[in-house]
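Residue strings, one per chain:
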Amino acid sequence: MRELLLKNKFMANGISFKERYGISIPFTSDNIEHEYNSVRNAVGLSDFSFLQKYTIPEDKGIDFLNNVFAGNVENLRFGRVLHTFLSDENGNIIADCYIANNDEEFLILCESIVDDSQLDKILFEDNNGADFGLKNITNDFVVLSIDGSNAWKTAKEIFGVSILGLPYLSIEEFQFDGEKINVIRAGKTGEFGYYVIAMNKVAEKLFDTALEKIKQVEGAVCGLDVHNILRLDGRFFNIFSEGAIVRNPLYLGLQWMIDLENMNFIGGQSLQNQREAGVGSKITGMTIEKEYGSVAIGDKICDENGEIGYIVSARHSYELDKTVALALLPFEKAYSGLKFYLKTPDGPVVNTISMPPFTPKSLNMKLD
Amino acid sequence: MNVEREEKIKTRREILQKLKEEMIKRLDLPYKPDDIHEDISLLGAGLGLDSLDAIEIVMIVESCFNVKIADGNTSPLRSLNTITDYIIAQKGL
Chain A
1 MRELLLKNKF MANGISFKER YGISIPFTSD NIEHEYNSVR NAVGLSDFSF
51 LQKYTIPEDK GIDFLNNVFA GNVENLRFGR VLHTFLSDEN GNIIADCYIA
101 NNDEEFLILC ESIVDDSQLD KILFEDNNGA DFGLKNITND FVVLSIDGSN
151 AWKTAKEIFG VSILGLPYLS IEEFQFDGEK INVIRAGKTG EFGYYVIAMN
201 KVAEKLFDTA LEKIKQVEGA VCGLDVHNIL RLDGRFFNIF SEGAIVRNPL
251 YLGLQWMIDL ENMNFIGGQS LQNQREAGVG SKITGMTIEK EYGSVAIGDK
301 ICDENGEIGY IVSARHSYEL DKTVALALLP FEKAYSGLKF YLKTPDGPVV
351 NTISMPPFTP KSLNMKLD
Chain B
1 MNVEREEKIK TRREILQKLK EEMIKRLDLP YKPDDIHEDI SLLGAGLGLD
51 SLDAIEIVMI VESCFNVKIA DGNTSPLRSL NTITDYIIAQ KGL
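Protein chains in written order, with this note's numbering: chain A, 1 to 368; chain B, 1 to 93.
Pulled out of the complex, with its shape left as it was, chain A reads as follows:
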């Protein structure tokens, strides 16, 4: 099992660990509501070093990337980041990926539902990644994620005012303690988000500095479980939740991650065929009042005549004070503003909703 370099730092700040796909990840504190509110109202510091990380030279890498990943890397300008995915031959998603065009090489960050060795097999053995200069740098770098409506303040304190000009899905180089640091403006919470990618030798100092800065704005150290809630009620795709259940990018609404004009990537032909045949189901957001108790993955969604779909993700949203869920419903019934029933046709009412169900603070934030 892969252990993360900053494990002791996160444990010392009250975060417990749990295995996920062969990696011991910082999971949660004993107060996940506090973690959640810290991100929505201030800032949270999380360890995203679980990401699988690769580099590939720009000159040799474009063909490899376009033949493996769903997005179009060819048009990715220097300093910009592409959000795309890796799928298997059937088009089922394996990894949710950022590909950054960064100083004559591409940096690839993967959240995958396979372990490190399986992902390496796909990239190196099955697709000859080494021939194109692909390098696995997973264990050489840490990734700290700074997320929240005040995350920009923390980022500014650490890296200077120029970071405020970093557009969403962009990468830029900064200096920290005499070493090169890359920062990607990304995040999947609806609030400001920065991935700070640093060499191991400055990792601890970076963590200590970030911790000091987030405390100045009443932030908190977070585990990764709170990101499952933040992604759900911010309506960001989560490969570890609905992605691992549904797997089909067309059902998940991820067509925007695909270069639809060049579907020669792994699984592209299968997805092309499915797209032409028409998609039968898609995920739909819904809320369930909290007095109905917990909602589980696989719980049925019914109309008056019986089952029409099932829950693929569900958590309590502290922002809405009710359960937010995603269900896989037939295309013709997957609309917002409708009432269905949980588990049985006479079960608790569930309301399909428009996502995201609230406006994150960051959307209307003016940066100083």
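It cannot be assumed that every hint is accurate.
What the hints assert, rightly or not - Straight-line C-alpha distance at most 30 Å; calculated BS3-like pairs for lysine-lysine:
1. B:K68 / A:K361
2. A:K53 / A:K121
3. A:K333 / B:K18
4. B:K91 / B:K25
5. A:K339 / B:K91
6. B:K8 / B:K32
Because the hints were derived from the structure by calculation, they are not lab data.
Following the hints, complete the assembly by docking chain B onto the known chain A.
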């Protein structure tokens, strides 16, 4: 058949279809209407549209549905579903 539900579906389907067709045409998006999930973020993440695209969307809503979105009111522009909610509320449908 639940008549009330079917009416709501019909109303939303018609608005969403028109919105998608106009956006694909005017913003030159490489999609078919069914490719665009109604909850996908329009600006930044998701479809990745920019502020000029947002102005075009506001104009689509005004020209196709006779509904104005006030300057600075970005809340309806989060997704196609939130725009549709706004149109339904404004027209009292």
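Report task. Would you check the hint for K333 of chain A and K18 of chain B, treating anything up to 30 Å between C-alpha atoms as holding? Result -> holds, 18 Å
Query raised in the report: Straight-line Cα separation of K8 of chain B and K32 of chain B no greater than 30 Å?
Result: holds, 23 Å
**Report entry** Hint consistency between K339 of chain A and K91 of chain B [alpha-carbon to alpha-carbon, up to 30 Å]
**Finding:** holds, 21 Å
Query raised in the report: Taken at face value, is the distance from the CA of K121 of chain A to the CA of K53 of chain A at most 30 Å?
Result: Holds: K53 of chain A and K121 of chain A sit about 14 Å apart, inside 30 Å.
**Report entry** K68 of chain B paired with K361 of chain A [C-alpha distance capped at 30 Å]
**Finding:** With Cα atoms ~24 Å apart, K68 of chain B and K361 of chain A stay inside 30 Å; holds.
Query raised in the report: Given the hinted pair K91 of chain B and K25 of chain B, is their alpha-carbon gap at most 30 Å?
Result: Given that 30 Å is the threshold and the Cα spacing comes to 24 Å, the pair holds.
Consistency with the previously given hints is maintained throughout, with no hint failing.
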